[in-house]
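Student: Can you build the whole structure from these sequences, using the hints too?
Residue 1 is where the sequence shown starts when you use the UniProt record's numbering, and the numbers rise one by one after that.
Calculated directly from the structure, the hints in this document are not laboratory data. Incorrect hints may have been included.
Simulated pairs of lysine-lysine, PhoX-like, Cα-Cα distance not exceeding 20 Å [said to hold, decoys possible]:
| no. | residue 1 | residue 2 |
| --- | --- | --- |
| 1 | K25 | K64 |
| 2 | K25 | K76 |
| 3 | K154 | K125 |
| 4 | K195 | K226 |
| 5 | K107 | K125 |
| 6 | K25 | K172 |
| 7 | K116 | K195 |
| 8 | K76 | K64 |
| 9 | K64 | K195 |
| 10 | K125 | K76 |
| 11 | K125 | K195 |
| 12 | K116 | K154 |
All figures in this text were calculated on a predicted structure; none of them were measured in a lab.
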Amino acid sequence: MLEVTGLHVAYGGIQAVRSITFHVKEGELVALIGANGAGKTSTLKAIARVIDAVGGDVHFCGEKISRLPPHDIIRKGIALVPEGRGVFPRLTVAENLAMGAFVRDDKAEIAADIEKMYAYFPRLKERETQLAGTLSGGEQQMLAIGRALMSRPKLLLLDEPSMGLAPIMVQKIFEVVRAVAAEGMTTLLIEQNAKLALEVSQRAYVMESGEVTLHGESAQLLNDPKVRAAYLGE
Numbered sequence: 001m002l003e004v005t006g007l008h009v010a011y012g013g014i015q016a017v018r019s020i021t022f023h024v025k026e027g028e029l030v031a032l033i034g035a036n037g038a039g040k041t042s043t044l045k046a047i048a049r050v051i052d053a054v055g056g057d058v059h060f061c062g063e064k065i066s067r068l069p070p071h072d073i074i075r076k077g078i079a080l081v082p083e084g085r086g087v088f089p090r091l092t093v094a095e096n097l098a099m100g101a102f103v104r105d106d107k108a109e110i111a112a113d114i115e116k117m118y119a120y121f122p123r124l125k126e127r128e129t130q131l132a133g134t135l136s137g138g139e140q141q142m143l144a145i146g147r148a149l150m151s152r153p154k155l156l157l158l159d160e161p162s163m164g165l166a167p168i169m170v171q172k173i174f175e176v177v178r179a180v181a182a183e184g185m186t187t188l189l190i191e192q193n194a195k196l197a198l199e200v201s202q203r204a205y206v207m208e209s210g211e212v213t214l215h216g217e218s219a220q221l222l223n224d225p226k227v228r229a230a231y232l233g234e
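Tutor: Take a look at the structure:
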C-alpha cells in the first residue's frame with residue numbers, strides 16, 4: 001500500500017532522513033523505532049507532506065504522492081496523528097471530531113462515526129461540549145486519534161501516541177490502536193516505547209541517524225540482542 005523509496009529530508013544543512021526505503025502492506029501495523037533525533041517524525045511528516053522531502057519518492061496505492069499538497073494527501077486516504085496531538089484548542093470535542101471529517105459529505109454516516117469514536121473513547125463522550133484546550137494530555141491524544149479516524153483513512157500515521165502520558169492512558173490508547181488494527185486499518189506507528197511498539201506491530205524498522213539500520217518481524221526484533229541493548233534497556 002505504502003512504498004517509500006530513497007526518502008531524503010533535510011533542514012538547511014542538517015540531514016534528518018538519509019535516503020531510507022521501506023514499505024507497509026495493506027492491513028499491516030508497522031512500527032518505526034529509534035532514539036530521539038533518528039528521523040522518525042520527519043519521515044511521517046514527509047509522507048503526509050507536512051514538510052517537503054528533498055529527494056526520493058512516496059507511492060500510495062500505486063500512485064506517486066510525493067509532490068501532492070497536504071489537503072490532497074488526506075483525500076487520498078492518509079491521516080496523520082501528529083506528535084503533540086495538535087487539537088484545535090478553541091473548538092469543542094465534538095467540533096474537533098467533525099473537523100476530522102471535512103473531506104466527507106455523508107452527514108448521517110459522519111454522525112454515526114462520531115458515536116463510534118465515543119464508543120472507542122467514552123471519556124470523550126463525557127466531554128463532548130468541552131473545549132479541547134481544557135482536556136488532559138491523554139484526553140487530547142484520544143481526540144487526535146478520533147479526529148484522524150473521522151476521515152475514514154486507508155492509512156493511519158501515528159506519531160508518538162504515548163508521549164508524556166500516564167501508564168493507564170497509554171494502556172487505553174493502545175487498546176484502541178489494537179482494536180482499529182484488528183478491524184483492518186493499515187497503520188504506521190512511531191513510538192518512543194520500543195517494547196510496546198514491537199509488541200503491537202507485525203513488522204518494524206529501526207532508524208538511527210536518519211537511516212534504516214535494521215528491519216524484520218517485530219517478534220524477532222524483540223529478541224534481537226542489539227535491539228534489546230539499545231532500546232529495551234537490557
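Student: Now tell me if each hint is right for this structure.
Tutor: Tested hints:
For the suggested pair K25 and K64, the alpha carbons sit about 16 Å apart, so the restraint of at most 20 Å is met. For the hint pairing K25 with K76, the CA-to-CA distance comes to about 16 Å; that is within 20 Å, so the pair holds. At roughly 25 Å between alpha-carbon atoms, K154 and K125 are farther apart than 20 Å, so this suggested pair is violated. Our distance criterion of 20 Å between C-alpha atoms is met by K195 and K226, whose separation comes to about 13 Å.
With a C-alpha separation of about 19 Å, the suggested pair K107 and K125 falls inside the 20 Å cut-off, and the hint holds. For the suggested pair K25 and K172, the alpha carbons sit about 26 Å apart, so the restraint of at most 20 Å is broken. Taking the CA atoms of K116 and K195, the gap is near 29 Å; set against the 20 Å cutoff, the hint is violated. Only pairs whose Cα atoms come within 20 Å are accepted, and K76 paired with K64 is accepted, the gap being roughly 11 Å.
The suggested pairing of K64 with K195 is violated, with an alpha-carbon distance near 33 Å, which exceeds 20 Å. Simply put, K125 and K76 have alpha-carbon atoms about 29 Å apart, too far for the 20 Å limit, and the pair is violated. About 31 Å separates the Cα atoms of K125 and K195, which puts this hinted pair outside 20 Å; it is violated. Restraint check for K116 and K154: satisfied, since their Cα atoms lie roughly 17 Å apart, inside the 20 Å limit.
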